[in-house]
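Trainee: Using our numbering, read the sequence shown as starting at -6 and increasing by one per residue.
Watch out, some of these pointers could steer you wrong.
Stated by the list, open to error - Only pairs whose alpha carbons sit at most 27 Å apart, straight line, appear in this in silico DSSO-like list of lysine-lysine:
# : residue 1 : residue 2
1 : Lys347    : Lys180
2 : Lys40     : Lys220
3 : Lys347    : Lys220
4 : Lys248    : Lys220
5 : Lys220    : Lys180
6 : Lys40     : Lys347
Just so you know, these hints were derived from the structure itself, not from any lab.
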Amino acid sequence: MPEIAADDPQIRMNHVSAAWRGAVLLLAAAPLVYYLAAMLAALRFFKRARARLLPNYNPSVSVLKPVRGVDFGSYDNFASFCRQEYPDYEVLFAVNDDGDPAVPVIRRIIADFPERNIRLLVGAEHLGANRKVNKLARLAREAHNEVLVLTDGDVRVGPRFLREVVAPLADRKIGAVTSFYRGIAEKNLGAEIEAVGASSDFFAGVLMAAWTEGITFALGASIATTKEWLARMGGFEAIADTLADDYELGHRIAKAGGEVVLSREAVWTMYPAQSLRSFWDHQVRWARTVRLCRPLSYVGLLFTQGLPWALLAALVAPAQWIAGTYLLAYLILRFAMAWTVGAWGVGDQVLRRKSWLIPLRDAIHFVIWLASFGSNHIHWGDLEYVIRRGRMVPIADDGTATANPAEHARRS
């Protein structure tokens, strides 16, 4: 019988194939380890947070609400800020112009809550391409109080919200307090997938960051800070051209020496019905925002996505039982992480009802993750921008980046 040479090409090919298969199977285990770690991070944070006694600190507060348009829950959202169990606060709304659909709703709120100090500001000086930040800058100038609480127009809160997010600021080392958000979604597949994605996946990454490196950013639904810390980070003027204003606000406060902490008090945010195109555009814009803010971390997200790795592992697995083990492990650990973080931790009811959407959301999220690398352009409202060094530069009608964004905005 002829001997097989040790350097036979077929043997070498088999060795290479086995090495690649082993590498894929090893890498496919990374998301499973991540799911376990995220569950531990959630248990660690929420158990400690719920047991913590807050200081008796309730200074006068200015709630700043930049608003553009209305959604299916606007009145109830605005009204929730007027029902706070808090001794002294004002609520300031800002819109771009009198024609904004939110204006009648805000005027109704003012009439329905005469005991509250509520003001409506119309128009804001142009400081940069981010019109929300332009409004925030005016709101901060008009605010009567040192403590500022920033919330988006589509946010709803519980009656103890202000007590919870302001109390940590008693420690002068804390520069900002930011909050998780639960979903209130219309009966629409895109809206429900967005809500499920935030509570079952995005917040896991936030908790892992808090555990491993500390929070150096803020979540836009709610940020409590002070005028002093705002001045230390350069004021709203410093972030007026940035896309991710919430991230930049927290990041710059952290760079200025302030500690950014997560509140145990979650808020609610609205997920309105949307078309397939608007869902895609919004998801890609959000993904590009994260990529441009934290490029290395964003690339690393590949190793937190269990579904594509489980499917790849199943394809290369040398035995059916190994393939089945990876797929089953993905399903068990992914649902367990989602439940621990989003349902038990944050208390998201959309996730409780629609958890079966998680694999579909994960499949879509992987495609969006890939698509986010295709360009640095984003659409926001009726304008297109290119992101350069974290700043939004408007695209002119001829397809070129405008040299003077301020001039472009005045002409738009």
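Trainee: Between lysine 347 and lysine 220, does the CA-CA distance stay at or below 27 Å?
Mentor: This hinted pair is violated, its Cα atoms lying about 40 Å apart.
Trainee: Would you mind confirming whether the straight-line C-alpha gap from lysine 347 to lysine 180 stays at or under 27 Å?
Mentor: Holds, at roughly 11 Å.
Trainee: With a cut-off of 27 Å on the C-alpha distance, tell me whether lysine 40 and lysine 220 pass.
Mentor: violated, 31 Å
Trainee: Taken at face value, is the distance from the CA of lysine 347 to the CA of lysine 40 at most 27 Å?
Mentor: holds, 25 Å
Trainee: Would you check the hint for lysine 220 and lysine 180, treating anything up to 27 Å between C-alpha atoms as holding?
Mentor: At roughly 40 Å apart (the allowed maximum being 27 Å), lysine 180 and lysine 220 break the hint.
Trainee: Regarding the pair lysine 248 and lysine 220, is the alpha-carbon distance no greater than 27 Å?
Mentor: OK: lysine 248 and lysine 220 at ~16 Å, within 27 Å.
Violated hints, in rising order: 2, 3 and 5; the structure is consistent with all others.
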